[in-house]
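Once you have looked at the hints, place chains B and C on chain A.
Chains as they are written, first to last, in our numbering: chain A, 0 to 290; chain B, 35 to 333; chain C, 1062 to 1489.
Worth flagging that the hints you see were computed from the coordinates, not collected in a lab.
For clarity, every value in this text was computed on a predicted model and none was experimentally measured.
Treat the hints with care, as some may be off.
With a straight-line Cα cutoff of 25 angstroms, these simulated SDA-like cross-link-like pairs (lysine to any residue) come out [claimed, not checked]:
1) A:K23 to B:E225
2) A:K23 to B:A235
3) A:K205 to B:S221
4) C:K1309 to B:S191
5) C:K1222 to A:A54
6) A:K278 to B:L219
Some, not all, of what chain A presents toward chain C, calculated at C-beta under 7 angstroms [claimed, not checked]:
7) K23
8) F25
9) A53
10) D231
11) T232
12) P233
13) M244
Even for Gly, the Cβ is constructed at its ideal location relative to N, Cα and C.
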Amino acid sequence: MKSDQNDSASWRHLPVVTFLRKKKVFLHLILMAVAAITIVPYVWALSTSLKTRAAVFTPEPQWIPNPMVLVNYMEVFSMAPFGLYLINTIIVVLGVLAVQIFTVTTAAYAFSRLTFRGSNLLFVFFIIQMMLPVHAIIVPNYLTVRHLGVLNTRLAMMLPFFASGYGTFLLRQAFRQVPRDFEDAAVIDGCSGPVFIVRILMPMAKPTFVAFGLISIVTHWNDFFWPLVVTDTPSVRTLTLGLAMFVQQESGADWTLLMAATIFVTAPLLVLFVVYQRKFIESFMSAGLKG
Amino acid sequence: MKNLRITSVFRRSYQPYLYLLPSVIFLILFTYWPVVYSLGLSLFRQSVISPVPVFAGFGNYRDAFQADIFWTVVKNTLVFVVGTIPVTMVIALMMAVLLNENLGWLRNVYRVAMFYPTMIPMAAAAMLGVWLFNPGIGLINYYLARLGVPARQWLYSMDWALPAIMITAIWKNFGYFMIIFLAGLQSISNELYESADMEGAGFFQKLWFITLPLLGPTSMFVVVVGIITSFQVFDLVYVMTQGGPADRTNVMVYYIYQYAFRFWNIGRAAALTVLFLVALIGFIVILVRSMERKVHYEV
Amino acid sequence: MRKGAFLLVAVCVALALGLGSCGDRGSARREGEPGLVRLTFYYPVGVAGPLARVMNTYVEEFNELHPDIEVVPVYSGDYDPTMQKVQTAVMGGNPPDLFIVEISELPTLLAMNGIEPLSAYASPEYLADFFPAFLENSYDEEGELWGIPFQRSTPVFYWNKEHFAEVGLDPERPPETWQEVREFAGKLNRPGRHGVTISGGWDDWLFQGFVRQNGSELINYRERRVTLNSPEAVEALEFWVALTQEDKVAPPHSTWASTPPDFVAGQTSMLYHSTGVLSFLRNSAQFDFGVAFMPGNVSFGAEVGGGNIHMGRGIPEQNRRAAWKFIEFLTTPELAARWSRDSGYVSVRVSSYDLPDMREYTDRYPEYLVARNQLDYASGKMMAPAFQEIREFLKSALNESTAGNMAPRAALDRAQRQAENLLREWLP
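The following block holds chain A by itself, in its conformation from the complex (with noise of 0.2 angstroms):
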């Protein structure tokens, strides 16, 4: 560090490379390379994806397909039921949010306003749920649910995340937020619980509850372990378990077609991404700090 300060480095005064530390220009090679690295395998997986079968196979690899073509996702969708996986996607991810809003919003109200034995026990209880999701405990969890006799449907897959340590965490931090001042004049104007949190708790936590909801949705959207243990057939399963599904068979992996797949399955949420991009970013990084 010294040799900063008495800039005893001649070199450091010559022109270019003033102006590569003015640019940063080291920062953004090493930036760019790495953005790069990220980048390729998913450019190449839609490459890929446009090819005929027999393009795959060139010596070198051919970025840009020539001939470019769509019939390998024709060919998925004739294969498999892509677009009703779609719909149980959509159904299972918005039916787990829908519950987790209310289960989440009504936990966080009384961790965060309300004064009663054992809050703190209980709020260790819930937070412990964040250290043992399902994965870890399948095998009873699938036991619970081949008892209540929902295997193979779309509920079995949203029921074990119906509550949410996690969220139940936001948004208490964000309830804590909201001024005392507000609950009293709620109280005085005769809002009491459950007004109180739809009309002020509710809109003021807003950014909180798109930050979850955002979470939330990506999470079960990428579940798929869970899934593949309670679904068996394609009339409820969902995008993952489709794309899974597609390798396991029995001869061999057709590229041009394993590309398409994930393609279209990932497509949903990455398009929405990248129009959104800022807000989701938000989300994960506002939801990061609080935790």
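Same frame as chain A, but now just chains B and C:
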């Protein structure tokens, strides 16, 4: 009068619990009851050959420990966690620090480019991995060859299959942690850096003495959850290797899955679940304790 | 109290919201108009292609022919999920009327009492027209019939004729013995190209064929004998190790799905794989390739694979009669021949191959006859209770050996010990 008072006290006391009830029902049913249930199941032998449960004491645990591949599975799981988490965190932190500089409009482009893998399912990331790591016509071997690195058999190979899965996991996850760290960085007040600048602190000094300590508390929790999640890696293994070759990529959750849903040995699967939970909880306690201490010292 | 009521209502709404979006429950059979027998039918599809659609067409045709029966086909994914579904349904006391699972699952199905015996329905004349090797996985130890062959295959040997010509081998003459496989592979091997690939994933299945080529077997279900470490098996595995470790002309490991594209890409000159990938190879390969019997040692040898169709235990009498009609429909020589052409599977009926349509087809594509002709040397697939677990033991032994980590004998001894331990109550 007295009656009314009692009612209101009663209302006051039961009301909070009523608000918690919807969540608590599902928490008990799908988080806490399963733990107890696993314990119970693990004491009985119940499998596809003998569907009627027979009490077996700790027989399932003994079998689990005696199985030839049990310790292979434990080792694979640990290698996966130890190999992915630090690398993911270091890359994420480096990128976050770089992105925290003033980079103009390109900054958004970088953020999107590095964060988008968070948006795709792990199963889809696995599919991309299978394609890129193909030994014959995969992109990775092609470019490695161009760099003069000999081709690897990747997913076909006992030595390289797990690293291939780990690389896929790092690729998929680092963007998420980068965003979390970036959020932490942005919450650090600029004044601290300015005064450091005045004292002539260099880039690394600022990183070490300001950024990292202040990042600690905000990101600790996210990192803990990340570690726990990585212990439960399943999708990548299921899609990329099915645990092979020769169980070199078989990890704990996949192993439990095999026993439960392919071999239908519910007793053994439950015993493995209990062992896994004990290890996981133990690990969390140690981790949180040690991190707490560190954070207290530094803040 | 108002708040309490609000919460209660909200919980109900939330639950209704979830319940309102239930999927199918597979219990449709209980309702329906009187006189109509409704059958649920779970089937996996193991081979790529729009086979689910093909199957639906067959079912529609059957339903039109039988106005009093309605078969409801349920595509259930791969073999494993289908088995999982059947297991769940049987345990829940509501088995599907009809289902297809992987043929080695028979002992498991019997252990959980999940299927109906079929001897009362199948006449000797009907059974006589099935390829005997395909029927081997249909009988239990006492000779009772439990399943009817439907989607069935064997592994075959593929070779790249261009590569053969390039290294001076006769492109029309595939290797016929293990020794020749080793010689040819040595000549064909190049940097970035393997001489031969024995596909992973179902390598236990392929290995069984090698053991049979060597004049032995791994598991004899009827006599309750497990011999994973017989001298013949050890020798077969030593041959694999010679290819992968000594000569280094074969990859030590691979996956089932990616070796056919590797063959298409010219990354391997010879390939052991199921007959089920023939159509994929024909549609994708830019070069001429051949299909042949798997090369022999003591003799030629192969083992069958695929799925049998079963009837669920304890379904009502009228469902059983209707289910049998459907089984008969799916296994007529005509439909078996059609299914073979649509899917690439081998037709299960001998007389299918005398039908005019089928003759025309096999004249045009004689390579589709290879798997059928190989049946003369084929045996049933090994099976035992808890087969899935034994399979993992065996695969682990194979993989450790081909990687050079364990000697074939030691590896197979270990697998044998693990299997004996698992089956201690079943073995005599």
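Status of each hint after checking the structure:
At most 25 angstroms may separate the alpha-carbon atoms for a hinted pair to count; K23 of chain A and E225 of chain B meet this at roughly 22 angstroms. In summary, the hint linking K23 of chain A to A235 of chain B is supported, as the alpha carbons are separated by about 19 angstroms, within the 25 angstroms threshold. Restraint check: the Cα-Cα separation between K205 of chain A and S221 of chain B comes to about 21 angstroms, which is no more than 25 angstroms; the hinted pair holds. A C-alpha spacing of about 14 angstroms is found between K1309 of chain C and S191 of chain B, which places the hinted pair at or below 25 angstroms, so the restraint holds.
Restraint check for K1222 of chain C and A54 of chain A: the C-alpha separation of about 21 angstroms stays at or below 25 angstroms, so the hint holds. Restraint check for K278 of chain A and L219 of chain B: satisfied, since their Cα atoms lie roughly 19 angstroms apart, inside the 25 angstroms limit. Hint on K23 of chain A is violated. Least Cβ distance to chain C is approximately 42 angstroms, over the 7 angstroms limit. With 7 angstroms as the threshold, the beta carbon of F25 of chain A stays out of range of chain C, its nearest partner Cβ sitting at about 37 angstroms, so the hint is violated.
Restraint check, A53 of chain A versus chain C: the minimum CB separation of about 6 angstroms is within 7 angstroms; hint holds. Proximity of D231 of chain A to chain C holds as hinted, the smallest CB-CB distance being about 4 angstroms (cut-off 7 angstroms). Contact between T232 of chain A and chain C, as hinted, is supported at the beta carbon level, the nearest pair being about 5 angstroms apart and thus within 7 angstroms. Using the Cβ-Cβ criterion of 7 angstroms, the hint placing P233 of chain A at the interface with chain C is satisfied: the shortest such distance is roughly 6 angstroms.
Because the smallest distance between the Cβ of M244 of chain A and any Cβ of chain C comes to about 5 angstroms, under 7 angstroms, the interface hint for this residue holds.
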